[in-house]
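**Student:** Protein chains in written order, with my numbering: chain A, 1 to 304; chain B, 1 to 304.
Don't take each hint at face value.
[Unchecked claim] Example chain B residues on the side facing chain A (calculated, C-beta under 7 Å, incomplete): (1) L104; (2) L108; (3) P109; (4) H153; (5) P161; (6) L167; (7) P235; (8) E236; (9) Q260; (10) Q270; (11) I271; (12) M274.
[As the list claims (entries may be wrong)] On the chain B side, residues computed to face chain A include the following (Cβ under 8 Å): (13) G157; (14) H160; (15) I180; (16) H184; (17) M227; (18) I229.
For the record, the hints were derived by calculation from the structure and aren't laboratory data. Just so you know, these numbers come straight off a predicted model, no measurement behind them. Where a beta carbon is used, it is the ideal one built from N, C-alpha and C, also for glycine.
Spelled out, the chains give:
Number of protein chains: 2
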Amino acid sequence: MEKKRLYGTIEGGGTKFICAVADEQNNILREIRIPTTLPQQTLAACADFFLQAQRELGAFSALGIACFGPLDPRPISSTYGHILATPKPGWGNADVVGFLKTALGADLPIGFDTDVDAAVLAESRWGAGQGFSNLVYLTIGTGIGGGALVNGHLLHGYAHPEMGHMLLPRHSSDTSFAGICPFHGTCLEGLASGPAIEARWHQKAANLGQDHPAWQLEAYYLALGLMNICLILAPERIVLGGGVMNQSFLFPLIRSELTQVLGNYVRLPQIANMESYVVPSGLAGIAGLYGGLALARQAVQDQQ
Amino acid sequence: MEKKRLYGTIEGGGTKFICAVADEQNNILREIRIPTTLPQQTLAACADFFLQAQRELGAFSALGIACFGPLDPRPISSTYGHILATPKPGWGNADVVGFLKTALGADLPIGFDTDVDAAVLAESRWGAGQGFSNLVYLTIGTGIGGGALVNGHLLHGYAHPEMGHMLLPRHSSDTSFAGICPFHGTCLEGLASGPAIEARWHQKAANLGQDHPAWQLEAYYLALGLMNICLILAPERIVLGGGVMNQSFLFPLIRSELTQVLGNYVRLPQIANMESYVVPSGLAGIAGLYGGLALARQAVQDQQ
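Isolated chain A, as found in the complex:
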């Protein structure tokens, strides 16, 4: 009889780490939420949870960690598995993978990447990106971040991408807003993240009615961002997630703006049907944990 495979997953965020154990069918068997305090404390609690779960359920085939960044996801690097420079106290240079390897055993395959890199992998396995080996996942929420698959593999160059910080032209009606990005002011995140909407219109994005001009402007900036992603990465599909995209009426607005700004320049059948080109996440609400599970599966494959 084949032994049932189990996988550990961590959705590591700025306020909490969600840890879970799942089986081969992604059924969540155990789950815990651990406050994000200091790395030693938070990661020790994660390790305790997984050790106990392994005692009760059996050994894991792998662990996947979908974590806030910036981080180093490149196994060839000397700082692999570390969080990099982050304003979050105590977490700069934290060796997440090293800590968990020590606690859980060096033999356990571990996948480690950003939440958005994990999400694009999960969308391609189980969500809205199935069948696409050139895929982008963009989350629009507290920040804006993107991950990409190229030829079926996660895009890592000198690091993971930081698509949310690309620079864009301003809309002619929007010249005075200074943007909210502490690094670049009016990059995409500075213009179009949830907090940027709030800062521009002086109210919570969720409280703005569907007819509010905020949304047309939001769709415009997101379309410009998607246009640059198209021209640089040529993804076969783009999946949009994150809190802002819960306003599902944004999708037709974005598709229409994207068609317009591309200006008939890209005339390929692959992106002519915008309804199937720019799509909502197929894993809304579970992209984090599933992201970790996708990284765990990947870690097993990478070992084989």
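Starting from the known structure of chain A, arrange chain B on it as the hints suggest.
**Tutor:** Leaving out everything else, chain B in the frame of chain A:
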């Protein structure tokens, strides 16, 4: 005795097709320039040249075609090997690979890609990108175009990239110039290609002195373009070529602007040393023919 390998290469441009035959050491043994007229005529002349060369020198191991675009470089596609929609009379939908396969024999491995995709491959093999598996080549000349290697493979999604058409913010001193791109007006190509410089300053770029403000503005826009490429693709090195980059004093200006616009956001050692991060082509003047040769080598590898 091992047989000497020979490769055919085509640099297919809008005004001429340069065909050549080279040995394993890239020594050019034969070369011809054929005017770009209509596909049937131009490609037949290319085929004649290669057939004669094969009779005199021996059979080729492969042929590589580095061609103007847009084109379809994806072997899985039904329009693989074709030029796509182009304003060039007669060339829209021209089946370049099909024609040459018929003329030269179906057994000959053929590599087919854009001039800039071919160039990034050649730079990684023999030029300024050796040792880098995540590399971008950007040419700034009559147009602006870019090719990328990701994980050592050419980046193709729904198509090849069209980086020259990304959208950028305007410099505060440059708000009236309408740009020259027929599709997008003020995309990167519309703002910073050679013809854009000429249109903005009413004289040939090559005639502008080193102290002319044109160059600081040019460096600024190119730096914004490189910034977006960094944030979306995270290349380990960027190689710049094309006629505009013959003004070598542009390199320090671009590096300085790029450091500034990144705003200390990307603080990784890989891109901290701008002198080794943004570099001139190592194959200036021969990137086209070497590009074709790199595609020919790739075609042999892909068969194995």
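**Student:** So, for every hint listed, does it hold in this structure?
**Tutor:** Against the structure, the hints:
1. L104: Status violated, d = 28 Å.
2. L108: 25 Å, violated
3. P109: 20 Å, violated
4. H153: H153 of chain B check passes; min Cβ-Cβ to chain A is 6 Å, inside 7 Å.
5. P161: This hint holds: P161 of chain B lies near chain A, its Cβ roughly 5 Å from the closest one there, short of 7 Å.
6. L167: 5 Å, holds
7. P235: 5 Å, holds
8. E236: 5 Å, holds
9. Q260: At about 11 Å, which exceeds the 7 Å cut-off, the nearest Cβ of chain A leaves the hint on Q260 of chain B violated.
10. Q270: 4 Å, holds
11. I271: Given a least distance of 6 Å, the restraint on I271 of chain B holds.
12. M274: Status violated, d = 13 Å.
13. G157: Since the shortest Cβ distance to chain A is 3 Å, the answer is holds.
14. H160: 7 Å, holds
15. I180: Violated: closest Cβ of chain A sits about 14 Å from I180 of chain B, beyond 8 Å.
16. H184: Since the shortest Cβ distance to chain A is 5 Å, the answer is holds.
17. M227: Status holds, d = 6 Å.
18. I229: Because about 6 Å separates I229 of chain B from the closest Cβ in chain A, which is inside the 8 Å limit, the hint holds.
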